[in-house]
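**Student:** Chains as they are written, first to last, in my numbering: chain A, 206 to 568; chain B, 206 to 568; chain C, 58 to 383; chain D, 58 to 383.
Since the hints were derived computationally from the structure, they do not count as laboratory data. Just so you know, not all the hints are guaranteed correct.
[What the hints assert, rightly or not] Pair ranges (Cβ atoms, derived):
(1) C:E246 to B:P231: 58 to 66 Å
(2) C:D78 to B:T534: 29 to 37 Å
(3) C:L340 to D:Q276: 25 to 33 Å
[Claimed, not checked] Going by beta-carbon spacing under 10 Å, a handful of chain D positions derived as facing chain C:
(4) A72
(5) S156
(6) S335
Using N, Cα and C, we set each Cβ at its ideal position, and we do this for glycine too.
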Amino acid sequence: MTRVASFNIEYTEFLDQHGKPTQALPAFAQDLNILVELYRKMVLTRVFDAKAVALQRTGKMGTYPSSLGQEAISVGIGHAMRKEDVFCPYYRECGTQFQRGVSMSEVLAYWGGDERANCFKENREDFPFCVPIGTQSLHAAGIATAFKIRRQPRVAVAVCGDGATSQGDFYEAVNLAGVWQLPLVFVINNNQWAISVPRSAQTHCETLAQKALAGGFTGEQVDGNDVIAVRYMMEQALERARAGGGPTLIEAITYRLHDHTTADDANRYRDKEALKKAWDLEPIARLRHYLLQQNAWSEAQEKQWQTECSVQVEQAVQDYVTLPPPLPTDMFDYLYAKLPHDLIEQREQAIAEAKLGGGPHHG
Amino acid sequence: MTRVASFNIEYTEFLDQHGKPTQALPAFAQDLNILVELYRKMVLTRVFDAKAVALQRTGKMGTYPSSLGQEAISVGIGHAMRKEDVFCPYYRECGTQFQRGVSMSEVLAYWGGDERANCFKENREDFPFCVPIGTQSLHAAGIATAFKIRRQPRVAVAVCGDGATSQGDFYEAVNLAGVWQLPLVFVINNNQWAISVPRSAQTHCETLAQKALAGGFTGEQVDGNDVIAVRYMMEQALERARAGGGPTLIEAITYRLHDHTTADDANRYRDKEALKKAWDLEPIARLRHYLLQQNAWSEAQEKQWQTECSVQVEQAVQDYVTLPPPLPTDMFDYLYAKLPHDLIEQREQAIAEAKLGGGPHHG
Amino acid sequence: MAEITLIEAVTQALAYEMQADKDVVILGEDIGVNGGVFRATVGLLEKFGADRVLDTPLAESMIAGIAIGMAAQGLKPVAEIQFMGFTYPALDQIINHASRLRNRTRGRLTCPMVVRTPYGAGIHAPEHHSESTEAIYAHIPGLRVVIPSSPARAYGLLLAAIRDPDPVIFLEPSRLYRLVKQEVPDNGEALPLDQCFILREGSDITLVSWGAMLHETLQAAKTLAVQGVSAEVIDVATIKPLDIETILASVMKTGRCVIIHEAAKTGGVGAEIAAQISEKALLNLHAPVLRVTGYDTVVPYLKLEHYYLPNENRILNAVQQTLEFA
Amino acid sequence: MAEITLIEAVTQALAYEMQADKDVVILGEDIGVNGGVFRATVGLLEKFGADRVLDTPLAESMIAGIAIGMAAQGLKPVAEIQFMGFTYPALDQIINHASRLRNRTRGRLTCPMVVRTPYGAGIHAPEHHSESTEAIYAHIPGLRVVIPSSPARAYGLLLAAIRDPDPVIFLEPSRLYRLVKQEVPDNGEALPLDQCFILREGSDITLVSWGAMLHETLQAAKTLAVQGVSAEVIDVATIKPLDIETILASVMKTGRCVIIHEAAKTGGVGAEIAAQISEKALLNLHAPVLRVTGYDTVVPYLKLEHYYLPNENRILNAVQQTLEFA
Ligand SMILES: Cc1ncc(C[n+]2csc(CCOP(=O)(O)OP(=O)(O)O)c2C)c(N)n1
Ligand SMILES: Cc1ncc(C[n+]2csc(CCOP(=O)(O)OP(=O)(O)O)c2C)c(N)n1
Ligand SMILES: [Mg+2]
Ligand SMILES: [Mg+2]
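Throw the hints in and build the complete structure from the sequences for me.
**Tutor:** Now the structure itself:
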């Protein structure tokens with residue numbers, strides 16, 4: 206027997222759960238202002254998230270997938286990406302979107318069941334949330350292909366969950382990214398659950414990072430509760446990709462602290478102990494501890510920022526609830542560039558129906 | 206950074222291209238009778254293959270995919286499997302099928318465009334050839350799941366090509382086999398081409414064996430031109446699986462010495478030099494050299510066996526060409542267990558049409 | 058006997074048949090510990106164990122593909138796909154293999170599997186959770202496609218689907234899951250897989266529908282009765298193979314027909330039914346067969362969902378048009 | 058000008074548009090160095106380079122999925138899937154994404170992509186190489202589905218498909234690839250994507266078909282002419298959106314119609330056309346609209362293929378039945 210190939214998977218963390226550095230912080234994190242910025246963004250994301258859940262609970266919005274506990278991932282990604290890069294999320298990354306020009310009221314409107322929300326006013330190229338699990342990986346690969354063909358120094362970023370790594374589309378994207386050396390960064394939000402299916406029942410892999418080996422490129426594990434680690438590894442990966450160095454896959458290890466969505470009840474399948482332990486690891490407290498230790502943040506600032514976040518979020522809620530309803534004709538008017546003749550009659554019918562007050566709500 | 210996982214891929218070969226052992230042969234290969242048996246089966250496969258190509262060329266059969274140069278893989282697999290195991294081929298494994306009760310005339314009839322060929326008379330559980338690339342991997346995973354549920358000491362074997370490793374279905378099967386620890390052996394016939402697409406344009410992986418790492422289990426490389434190595438590694442994998450040790454993926458490295466199929470012309474894309482070099486590595490000559498050296502085979506035996514093979518193959522051709530044509534009603538009569546009422550009229554129509562002499566040949 | 062919902066009837070049928078036939082195995086995402094996102098498989102893991110209630114990784118092509126392998130080995134896998142919009146990754150395995158295995162091997166290997174999936178709009182769910190693309194499946198030779206519209210029919214048809222020796226696509230209207238309750242004796246009695254059900258007899262017009270739209274269709278029939286119009290209501294139930302005889306017999310009698318379905322109009326199953334009626338009962342028709350359907354658009358997100366779905370009013374309009382024809 | 062085959066017309070259109078628009082990029086399995094298994098892309102790698110002629114790994118969902126990403130970036134990807142039977146793994150990306158991207162983002166992101174694939178039986182190819190499941194695609198809102206039946210229409214329709222700002226499924230009848238030759242000026246002139254073509258005018262009966270079956274349909278029309286029956290022959294060409302007006306106008310004139318397609322009958326596109334004719338021209342029909350189609354079976358392997366495919370005789374029988382009706 207001859208050894209023909211060897212691979213290692215590395216794990217990176219800078220701040221432990223108590224906010225103590227476990228190694229020298231990377232250059233960007235020497236600037237405490239940046240860390241404060243990351244902190245603020247995580248808090249904002251969490252405040253927004255709690256409000257969104259509340260809106261669903263009070264019947265003002267549809268099903269909502271909380272990103273509670275996973276803010277370091279979305280915020281770290283958004284902070285590392287450049288404006289000209291393109292983002293392909295699944296549905297737990299409003300923390301990234303807020304940094305990329307997507308407004309809070311757009312995110313609320315999306316979960317409120319309004320396609321207009323996806324017509325981001327301030328972001329023209331990012332993909333909207335993607336419900337069919339894993340499929341967005343291929344869109345990102347296509348976008349990265351376009352960048353490569355056009356010799357643009359831009360990078361596509363695709364995020365998916367641990368469950369999504371079981372999908373063929375995820376793997377097909379990984380394989381293509383490798384063989385075409387695409388400017389593409391894959392991020393896996395490994396929150397340990399795919400609805401009720403635990404990470405251990407999803408794959409036998411020691412790490413999800415090693416899924417990259419099936420594409421012939423590097424997979425990295427990071428502490429997904431450490432925004433410094435996420436931000437650092439993202440930047441490394443983005444700049445390597447931008448320079449023509451090909452794709453990277455980053456597995457960010459975290460925990461889903463909420464139910465899967467507001468339609469789920471995790472008590473059916475989730476161990477209370479595990480949840481309690483996971484709360485000890487969550488990303489916001491640890492960075493706050495560090496910032497407080499460094500005197501870069503204070504309780505007063507905390508209070509003030511919480512208030513500011515609430516104000517911002519309340520404003521977004523106002524914008525959302527006061528948005529005039531979409532038109533029934535919208536379902537025809539954006540289907541094709543130009544309405545095909547076979548739809549004219551149906552569109553007329555929809556207008557006539559709507560004048561009669563629309564259909565009654567069903568079910 | 207902490208190292209959290211490490212992986213190695215090993216390559217196994219026993220006989221080099223000149224038929225010289227590169228290491229001590231495994232136990233089974235100490236028995237020269239077994240090696241002669243393997244040799245005979247490879248030669249038979251090649252003789253059959255040449256005849257099948259000829260039948261296509263003379264208009265007596267449809268498109269045919271030759272397995273020229275890849276006989277060690279199909280023969281090694283077939284020899285290692287037990288009768289009660291289940292085989293899921295793609296389409297280059299008649300060398301396996303002949304050992305599992307599928308007759309040569311059945312294989313010819315299949316490529317002659319006759320579904321009856323798949324109703325193997327002497328094998329009730331193996332899957333027939335599978336045209337949609339990669340899909341059979343999942344059937345094998347399902348069969349292995351049935352074995353596991355029923356606690357049967359049986360193993361499913363799925364073979365696919367190097368090109369097939371790019372398909373989502375292949376990966377989904379690999380991932381499931383890992384997480385459910387299925388009694389399943391994956392074999393990749395890495396013949397360096399997927400029609401015109403070379404292995405290097407299919408994936409960036411150093412080895413195809415490492416695709417198994419995405420499923421969290423062992424991937425092995427073997428010299429696919431060394432039937433001893435294939436046979437050995439297959440047995441290892443089969444017995445591990447049978448004992449509850451889970452799946453293995455074996456990448457068998459070989460070369461497609463013929464066109465992709467009779468519908469292809471490899472001269473359009475294949476380098477002549479590479480082909481010449483590949484001929485130096487092919488599996489039959491090297492085993493013959495070894496057997497001749499060991500006085501286990503002679504030129505006289507060679508001649509006689511070639512003749513015997515021709516006789517067997519000719520008989521199969523006779524059986525094939527004299528098979529009465531299938532009935533037009535067959536397309537109705539096996540679609541469901543019982544003909545649904547909505548097909549009765551169509552079936553009658555088909556009978557009436559057939560009486561009129563059937564349709565003229567189209568196109 | 059307690060009254061149960063449609064989804065409880067599904068659970069009851071699964072439990073009955075798993076008890077009766079040890080080869081029945083269920084598989085899918087979140088169906089075990091969690092009991093299914095709609096709770097269709099609640100309690101089955103506890104009752105039948107992890108060997109027969111398989112929580113799978115997240116991959117639909119895989120679910121369909123392994124069901125084929127399991128079925129070929131003589132198991133009777135009942136796979137749940139979480140929503141119809143997530144069945145599409147499984148289409149290749151279903152079209153190219155499940156529907157063809159018996160034919161391809163001339164009966165040597167068979168594929169007695171069921172794919173269950175919630176379908177249809179109206180539950181205010183996110184995108185891709187409101188599909189009704191049954192026409193895709195109904196076009197595939199080798200499949201059966203079955204859609205229950207009441208607890209009792211869900212029970213009887215699912216039993217039949219599991220027992221059927223060929224692949225069955227079993228579409229469960231999610232809008233009906235908890236809408237009505239009904240006594241459903243757990244007697245293991247299957248319903249026929251190739252027959253329409255006449256839900257209401259009538260003489261003036263035939264209303265043909267299936268799935269959740271029967272709710273509005275029956276309402277319309279009631280309204281029509283008040284107006285003195287006697288509508289016959291047919292639940293197609295099995296859309297492949299189609300029991301056109303029952304439909305034809307009714308239309309021969311009434312001379313008028315409106316077909317109601319939630320799916321997009323163009324190429325919907327309504328087209329096939331209308332085409333067959335017009336072919337085989339042309340001279341009996343007093344008016345063209347009309348179709349009341351979803352629009353040829355993507356099912357909108359929840360804010361516009363109710364504009365998409367056909368409602369009683371649209372049905373009544375079509376009926377009136379039909380009655381007033383020439 | 059030299060006469061060219063249908064497949065050469067495809068190549069000519071691709072080359073023309075790649076020359077004219079640098080955003081046009083082609084991708085697929087074996088389309089580069091090898092020039093495509095049917096030779097549709099021969100010479101294009103040499104002419105336009107490896108940045109615009111992408112030999113992909115073997116994965117159809119991937120091909121469709123990246124085409125969507127590329128299209129969203131403003132490229133105009135033209136993807137080849139090797140045979141229609143291998144498009145099914147791409148269905149999820151096509152249904153759930155390609156057809157919906159514009160609508161989902163209210164026009165912010167669009168998907169100007171083309172999926173080309175050879176389709177239909179009759180070339181004695183292995184299993185899965187003979188599919189005609191166009192009805193699946195024709196049912197999906199947001200798609201266009203186009204089927205050429207001559208070299209000139211292949212050229213003009215493919216140009217239109219590439220230029221169209223929305224996703225187009227372009228089905229090339231492989232049986233016609235080399236069957237006929239025709240002069241096709243390489244003038245970059247596109248044909249309309251929403252119109253039927255009247256291939257032959259007639260007054261006694263309307264024959265509606267598309268793709269390879271037009272070959273038999275035109276033969277039948279000739280035979281009928283000899284018998285004194287004047288058949289109008291319509292090539293639907295674009296099956297979604299359907300130009301029902303042209304068909305209706307013809308049927309209003311002739312009062313009789315036979316639809317001919319190769320796909321399975323149940324739920325085929327013929328059902329939609331028949332349903333619409335019967336709905337909108339009921340009183341003009343002298344006879345029921347008949348359909349001559351492939352059977353509701355899996356397309357058989359090559360030994361039985363010719364029994365499956367409709368032939369001139371079947372068409373003539375249906376025409377006769379229609380003419381003799383009541
Ligand atoms: C193709 C597909 N199948 C099933 C679903 C239903 N579903 C929604 S979320 C989810 C679990 C996703 O898990 P993971 O990828 O780990 O992401 P997470 O929600 O945990 O962040 C499932 C099964 C879906 N949306 N798409
Ligand atoms: C899903 C699918 N896509 C495309 C094809 C067409 N096709 C037939 S064989 C082949 C190449 C297969 O290559 P590989 O897996 O390496 O096997 P090999 O033929 O080299 O043994 C392709 C693309 C197919 N049969 N199935
Ligand atoms: Mg998860
Ligand atoms: Mg190969």
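**Student:** Can you verify the interface hint for D:S335: is its Cβ closer than 10 Å to any Cβ in chain C?
**Tutor:** The hint holds - D:S335 has a Cβ within 10 Å of chain C, the shortest such distance being about 3 Å.
**Student:** When you take the CB atoms of C:E246 and B:P231, is the distance between them in 58 to 66 Å?
**Tutor:** Since C:E246 and B:P231 have Cβ atoms about 59 Å apart, the given range 58 to 66 Å holds.
**Student:** Do the numbers back the hint for D:S156, that is, is its least Cβ distance to chain C under 10 Å?
**Tutor:** With a closest approach of 7 Å, the D:S156 hint holds.
**Student:** Does the Cβ pair C:D78, B:T534 satisfy 29 to 37 Å?
**Tutor:** holds, 32 Å
**Student:** Given a cut of 10 Å on the nearest C-beta pair, is the interface hint for D:A72 held or broken against chain C?
**Tutor:** It is violated, given that the least Cβ distance between D:A72 and chain C is near 32 Å, above 10 Å.
**Student:** Lying within 25 to 33 Å: is that true of the beta-carbon distance C:L340 to D:Q276?
**Tutor:** For D:Q276 against C:L340, whose Cβ atoms are near 31 Å apart, the range 25 to 33 Å holds.
In summary, the one numbered hint that this structure violates is 4.
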